[in-house]
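Top line first, the protein sequences correspond to chains P, V and B. Okay, so the first sequence: first residue is 1 according to UniProt numbering, each after it adds one. Okay, so the second sequence: first residue is 1 according to UniProt numbering, each after it adds one. Okay, so the third sequence: first residue is 1 according to UniProt numbering, each after it adds one.
Everything labelled a hint here was simulated from the structure, so no lab data went into it. Since we're looking at a predicted model, the values are computed, not measured. Beta carbons: idealized from backbone N, C-alpha and C, even for Gly. Be aware that one or more of the hints could be misleading.
As the list claims (entries may be wrong) - Facing chain B, according to a computed beta carbon distance under 10 Å, are these residues of chain P, among others:
(1) 11
(2) 12
(3) 14
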Amino acid sequence: MLTLQCPYCGVDAEETELHAEGEAHLKRFGPGSSDDDFETYLFMRENPKGVHFERWRHSNGCGKFFHAARSTTTLEVFGTYSAQTYEPPQDIKDKITAKYPGWSWREFA
Amino acid sequence: MSTRLATGGRLLNKGKQLNFTFNGKQLTGFEGDTLASALLANDQMMMGRSFKYHRPRGVVASGAEEPNALMNMGKGGKFEPNQRATTTELFDGLTCASQNHWPSLEFDVGAVNNYMTRFFPAGFYYKTFMFPKFAWKHVFEPIVRQSAGLGQVPKDRDVDTYEHFYAYVDIAVIGGGVAGLQAAKAAALSGAKVLLMEQTAHWGGRAATDGGEVDGKPVADYIADLVAELDAMDNVTMRTRMMGSGVYDHGYVLGYERVNDHTPGNDGPRHRLWRIRAKQIVTATGAIERPLSFAGNDIPGVMLAAAIRDYAADYGVSIGDRTVVVTNNDDAYRTAILLKNAGLEVPVILDARAGGGGALAEEARALGIRIENGKGIAKVKGGKRVTSVAICSQAGEGAVLEEIQCDAVAMSGGWSPVVHLWSHCGGKLTWDDAQAHFRPDATRAPTNQDGIGFVVPAGSANGEMDLAAILNDAHDAGKAASKAAGFNATRKAAPKADAQAEAAMEPVWLMPQGAGPKLRIKAWLDFQNDVKVSDVRLAAQEGYESVEHTKRYTTLGMATDQGKLSNINGLATLAGQLNAPIPAVGTTTFRPPYTPISFGAIAGEARDEVFQPLRRTTIHGYHEDVNAFYEPVGQWRRPYTFPRKGESHADAVKREILQTRDSVGLLDASTLGKIIVKGPDAGKFLDMLYTNMMSNLKPGKCRYGLMCSENGFLSDDGVVARIDEDTFLCHTTTGGAERIHGWMEDWLQCEWWDWKVYTANVTEQYAQVAVVGPNARKVIEKLGGDMDVSKEGLAFMEWKDGKIGDFDARAYRISFSGELSYEIAVPASQGRAFWDALMEAGAEFNIMPYGTEALHVMRAEKGFIMIGDETDGTIIPQDLGLNWAISKKKEDFLGKRAQLRSHMADPNRWKLVGLKTVDGSVIPDGSYAIAAGSNANGQRNTQGRVTSTYYSPTLDCGIAMGLVHNGPDRMGEVIEFNKVDGSTVKAEIVNPVFYDMDGEKQNV
Amino acid sequence: MSNAVSALNSASFEGFATVTETGLRGMITLRGDLSSAKLKAAVKAATGAAIPDVRRVTTGKDGMAAWMSPDELLILCDYASVNDTIATLTAKLTGEHALAVNVSDARAVFRIAGDGAREVLAKLAPVDLSAGAFQAGDFRRSRIAQVAAAFWLNDDNSFELVCFRSVAQYVFDVLKVSAQPGGEVGFL
């Protein structure tokens, strides 16, 4: 059972306090978007073996959504960070690079 | 025979005798006994029968690895099957019975299987029960049922309580043997917070039994001092009777504490499951001795050498008068020496090694014990008890050299570290050729959230088998763990123990090594599941080469002991048959729990009344008082109907509807979700959330709205009230309150975080009562207060704050029934009083409460959709004819883009219509409208389905809502719906509004 | 107001710790910018309490303030004065984007007192409740068995716990199981 640190209240929360909320950094496409863009937004998801970026919510806690970067294979957590951002912070990307040189995930590397 | 010795028994309090019952026999033991040692002291060697062949079985081991001595324990509400006698502490009044036999342990009909052994090989079930097809259900299955399963299923409710406990420590040390104690001390000296747990009732493990000196004092004294020292440290918690059950991700450990198993009359929980988070975990879980595979190795009286030693030293019990020792290592000599010194006979030590043993062998020889090197057992003789062994050359095929009379055999095939907890979370193993066992590979520890190893093995669990090495290793493990947990490791040196040089062991996987089929078929690997050397060989021959496949085909290691004794011998046998090195064959996966734990402990407090949360409105007490019949809605329990004495539910629902339509009824609507949305951008936000426009709603007004997911599918609906310029109150469905609040927060926190909007879920702040029916207004007016609820004072789809009676109320003029209706919210703490006041005021109108079924029927009569009935996660508002509630002006709202996708805009999507049965009957729930012809799979074509179907008391006939192909264009057409009995029911397609189509009744 | 009753009408249970439903309490959800001077002044005026740090409670002469999230406080006061307190908050926050809403009736409050109080909670909440980790004035939102709850430690070593009113009976019942005589763990 995972523990993730909520970046808002600082709690090292175990999974029973949290709720998984799917993939991080999705870009919303609304009316006027192409079928392809909309399909990507709705349905296309990463399923990586290794580095992954997710959304979580501290649902039995401060109620805030946040982002987490972790490895799906080793369950190492590279960091958690604000939901109000379009990309992972540099220090977390650096930490991943140190462990997995040459990693990439969607448009991030 | 087995009996109590005059000496020995370091764990016993011989001053306190305890009475217990086994198979109805009254027996006695001492405080400190295990059930196994007490039974042995009473010459009860045979403790059960095996699972498959019903062979007589005695105890083999002295601890958690025991495969045979499983008991039906206790009675009534304290009954539990499959309790290991070796890990059950004796208490006064204990009652138990042996398992797997009928009619008695001594004489068992099922033992006939034993004589059919050759007909029950590995895979027997898979091969035998294939044909003829009918025989499985009528012949094989009933027979298998009779004989399947271990022990009996409890018949009574468990009377005990259980609980969880969350603990946070720096270092958890699992195992309280000498290694665990030493590791805990080394770790604790760093200042780290340490939790040390031991599965038995005693500290020190078996070190004291085996002797030796540490820092110049006997190891027993060293352990006593160590325990006292740890006990005095503030940063150390020590728990006995607590097993490290499993190691999981991110430093999670489950500790299974048997609080009251040995004191069953005491207050408090029976078991406590510790949910521990540790920065580092030390596994000092010891090692388990392996049996040897020779013919008859399962006959009662054949035991692990160290277990025989334990029973003698710890419990003062001798297994037999004449014990033959058979071994491939030096350790078993300790058993021979101890027995000889206790005045018992050891006719011979059979050492499979041609070169024999080392110093311990010399010591045994000096005591006058006969030692035969290069020899083994060809066959054990005896039925319910060992009578003799036939000895042979280990190198040969089993030609008998000599038969030796004995009543016990002590066997040792070497020791395997208990690597389970190391392995649970991904710790890797390495094969140690010299000791012929798998041991933890320290370079490949399981890693935690920081990417660092978080499990450190210590002592014999790490493959160290000598006291001096064990203490060194454990001390280092404690230091390593404290360092990894962020502390400065102690600089104290490890204690010094006198090392005892031992001759190298030699692996022996079959005895004799050339044993033929006749011997192999009687050489057991897995005692509990009756798997023999011959079965594993057969599996390999039949192509089950993967160890995981062989395991499942033969059931090797799949019993409740999870192969603690059999795994290594089994996979070595497989490797031999495959002619592959053992590490290439590998092990099966080690999974928690280490030994079975009780379901009660897993469930914790969650049983009976608190099995799951039950949400109650503040009016719930009324529902209880009048014995409402409930239905679950989420975690709420809502009254489905309020049946009167002798009244059927259907009649009660009918009464409630007719009364409400004729006069007035009350609904407890408190469960409806209520969410405050406030801020300068609140209107803009709700315009995105709802399909229709909310920003132009005037304060004081209400509007019905729909919410969709980004897939375009309907997700929730409800009435929105604008409180003031900045503030809205959004009603959601009962089941949707938390979900929709989360949905709002999701968009506000993750997408539009610059919008100025705050939300608050105030669902439970209010008790909400729907006062419904032509006399609703009169009832409210009768209560008095300052609120004008007249047609003009509070018009349809308006809301207002004020006093009703002396209650602070907010009244919404909304209707889900089609009647004149007020939904009135009062502070929840006044809910019951308000309800009672309405009941009293309405008495002259014969007011009565109605439940959710009447609510459902009345809304269906009005053609109102219900989320979850008309919608199922694949329905868009357009399917339900709700286009009027979808804004065409708004550029964007959640779900808008999806509703433009080609599949959503397809004119062939089934659409909502009303359905009225021709014969007045009710269409069965879930029915499909059938169409001509059949599809490619030969199934009948369909053209629609029912979404809601009821008997309408108002119309006195069956009505339904359904989705039908081109439905709205087919008014008046009669179509057929299937019934479970194969017949059909005809229904006319009609407008879904069955009742008061112009809405005059609600607008008076 | 005479009709108002709390969820469990001050029910109490005596185990190895004492569990009591404390009766009606004024509670206000206050959402806003916790760093703003205006909000600080509003909380001060309404309760006398300062803005609490992350996961802390503060106490003033007229009430308490508890840190719920980076943009939310729970204000506690007398049940009778909750409307006045909201009025004060709202008046002081005029012109500022904020939300102050009465949730007194949506909640139930329990007190867990006695030497075993920490252990009673530690059986139900995945929180480090050791004396070193959880101190007077600390506040934590978590779960109690299967439902959301928040609790804090008072100076007198008693806990107060807030949960939704609809699950008050459930929470009381699990606290009773947890506090049953003989259930002392001896760890905290």
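Right, here's what the structure says about each hint:
Nearest Cβ of chain B to the Cβ of residue 11(P): about 7 Å, under the 10 Å cut. The hint holds. With 10 Å as the threshold, the beta carbon of residue 12(P) comes within range of chain B, its nearest partner Cβ sitting at about 9 Å, so the hint holds. Of the supplied interface hints, the one on residue 14(P) holds, with its beta-carbon coming within about 5 Å of a beta-carbon of chain B, less than 10 Å.
Hint compliance for this structure: every hint is met.
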